[in-house]
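Trainee: Kindly generate the complete structure, drawing on both the sequences and the hints.
With numbering that gives the first Met the number 0 applied, the sequence shown closes on residue 284, and no number is skipped along the way.
These are computed hints drawn from the structure, not numbers from a lab. Any given hint might turn out to be false.
Here are the simulated lysine-lysine pairs, DSSO-like style, with alpha carbons at most 30 Å apart [to be verified]: (1) 115 x 190; (2) 212 x 233; (3) 78 x 212; (4) 229 x 253; (5) 266 x 212; (6) 193 x 272; (7) 253 x 185; (8) 190 x 78.
So the derived label-pair ranges between C-beta atoms look like this [said to hold, decoys possible]: (9) 201 x 259: 16 to 24 Å; (10) 262 x 212: 31 to 39 Å; (11) 212 x 172: 18 to 26 Å; (12) 29 x 239: 42 to 50 Å; (13) 193 x 224: 31 to 39 Å.
These numbers come from a predicted model, not from an experiment. Even glycine gets a Cβ: it sits at the ideal position worked out from N, Cα and C.
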Amino acid sequence: MDNFYSSTLENLERTFMPYLSEYQRYIDFNTMREMKQVSKGKLPVYFHLDIKELVEMDKRYILDVFWNGVFFTVIIPKKSNMFRGTIEVYGKPPTMLLGRFEVDEEDKAIFPTFFKEEFTRRKGLGDTLRDFSEVLFSYLDSYVAEREPSGEETTSEHPGEPILAGWDFPFLENHLDLQKEWASLKKRTVKQFKRIEELEIEDQYALETMMDKDVPDFIESFQRLSDDNKENRKGELLETMNDLRKFIETLEQKEEESYAQNFARSKGIIASKYNKEDESFFSRK
Numbered sequence: 000m001d002n003f004y005s006s007t008l009e010n011l012e013r014t015f016m017p018y019l020s021e022y023q024r025y026i027d028f029n030t031m032r033e034m035k036q037v038s039k040g041k042l043p044v045y046f047h048l049d050i051k052e053l054v055e056m057d058k059r060y061i062l063d064v065f066w067n068g069v070f071f072t073v074i075i076p077k078k079s080n081m082f083r084g085t086i087e088v089y090g091k092p093p094t095m096l097l098g099r100f101e102v103d104e105e106d107k108a109i110f111p112t113f114f115k116e117e118f119t120r121r122k123g124l125g126d127t128l129r130d131f132s133e134v135l136f137s138y139l140d141s142y143v144a145e146r147e148p149s150g151e152e153t154t155s156e157h158p159g160e161p162i163l164a165g166w167d168f169p170f171l172e173n174h175l176d177l178q179k180e181w182a183s184l185k186k187r188t189v190k191q192f193k194r195i196e197e198l199e200i201e202d203q204y205a206l207e208t209m210m211d212k213d214v215p216d217f218i219e220s221f222q223r224l225s226d227d228n229k230e231n232r233k234g235e236l237l238e239t240m241n242d243l244r245k246f247i248e249t250l251e252q253k254e255e256e257s258y259a260q261n262f263a264r265s266k267g268i269i270a271s272k273y274n275k276e277d278e279s280f281f282s283r284k
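Mentor: Shown next as structure tokens:
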């Protein structure tokens with residue numbers, strides 16, 4: 000019966016809306032119709048909504064959700080004006096990016112920064128994706144705001160210093176050389192985090208993901224191993240630490256390049272200014 004229903008909708012689409020033939024490959028007619036119902040307030044947005052993952056980072060939340068088979072990735076800033084919210088729409092199955100939208104923090108307006116060509120050719124298709132995304136973003140924003148805090152908040156001995164939650168590594172307590180290297184890596188990571196606003200957006204995401212998710216998950220999975228397996232897989236631990244160190248070194252190199260550029264700029268301004276003054280002084284003579 001379901002197959003008959005789908006084929007009937009497809010035949011109706013081809014007969015009365017041939018311009019949707021390309022679009023049909025990514026989202027079916029029934030899903031688009033339900034999106035319109037949501038946009039008009041006739042259907043709740045949480046209908047068919049499946050929140051696959053919610054990652055809490057220092058300055059934003061990232062949610063992966065399915066709605067009626069369509070995949071969305073939503074980034075919601077915490078109470079901050081640093082970042083715009085974004086929402087990405089992927090097709091069925093989620094292998095093709097269909098649209099990307101940005102949400103203005105101040106007036107909650109949403110505007111597209113990318114549309115797949117098929118959705119650009121017909122304004123109604125793009126409008127439906129945009130209007131539905133706006134409703135979805137508002138719902139998820141409220142959903143995140145109403146969630147109870149997970150776990151107890153930890154305090155820092157040094158005010159203003161971020162906590163590397165989940166970075167304590169019991170296995171290293173019996174390996175002083177590795178423990179010393181781990182302490183250095185943690186210190187360098189905290190230093191880069193303090194200048195996160197200066198980083199490129201891709202590096203911001205990568206640094207926060209490393210701090211809040213990837214490293215704690217790795218440590219947790221490593222600690223589940225038996226004592227013998229921990230020793231046997233010590234080489235893999237060293238490789239992982241090396242990968243983390245290389246990433247931090249990349250950020251440190253960019254930091255040094257930024258300082259060098261600022262120095263060169265300042266030196267050029269001073270040289271230009273005083274050279275001109277010298278020229279005018281000698282010309283007066």
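Trainee: Please go over all the hints and tell whether each is borne out by the structure.
Mentor: Consistency of the hints with the structure:
Taking the CA atoms of residue 115 and residue 190, the gap is near 40 Å; set against the 30 Å cutoff, the hint is violated. Between residue 212 and residue 233 the CA atoms are separated by roughly 21 Å; this keeps the pair inside 30 Å, and the hint holds. Using a Cα cut-off of 30 Å, the hinted pair residue 78 and residue 212 holds, with the two alpha carbons roughly 21 Å apart. Between residue 229 and residue 253 the alpha-carbon distance is near 35 Å, which puts this suggested pair outside the 30 Å criterion.
For the suggested pair residue 266 and residue 212, the alpha carbons sit about 42 Å apart, so the restraint of at most 30 Å is broken. Note on residue 193 and residue 272: the hinted pairing is violated, with a Cα-Cα distance of about 34 Å set against a maximum of 30 Å. Restraint check for residue 253 and residue 185: the C-alpha separation of about 18 Å stays at or below 30 Å, so the hint holds. Between residue 190 and residue 78 the CA atoms are separated by roughly 23 Å; this keeps the pair inside 30 Å, and the hint holds.
Between residue 201 and residue 259, the C-beta spacing of about 21 Å keeps the proposed range 16 to 24 Å intact. Checked against the hint of 31 to 39 Å, the pair residue 262 and residue 212 passes, with Cβ atoms roughly 36 Å apart. Checked against the hint of 18 to 26 Å, the pair residue 212 and residue 172 passes, with Cβ atoms roughly 23 Å apart. For the pair residue 29 and residue 239, the beta carbons lie near 46 Å from each other, so the given range of 42 to 50 Å is met.
Checked against the given bound of 31 to 39 Å, the beta carbons of residue 193 and residue 224, roughly 33 Å apart, stay inside it.
Violated hints for the displayed structure, listed by number in ascending order: 1, 4, 5 and 6.
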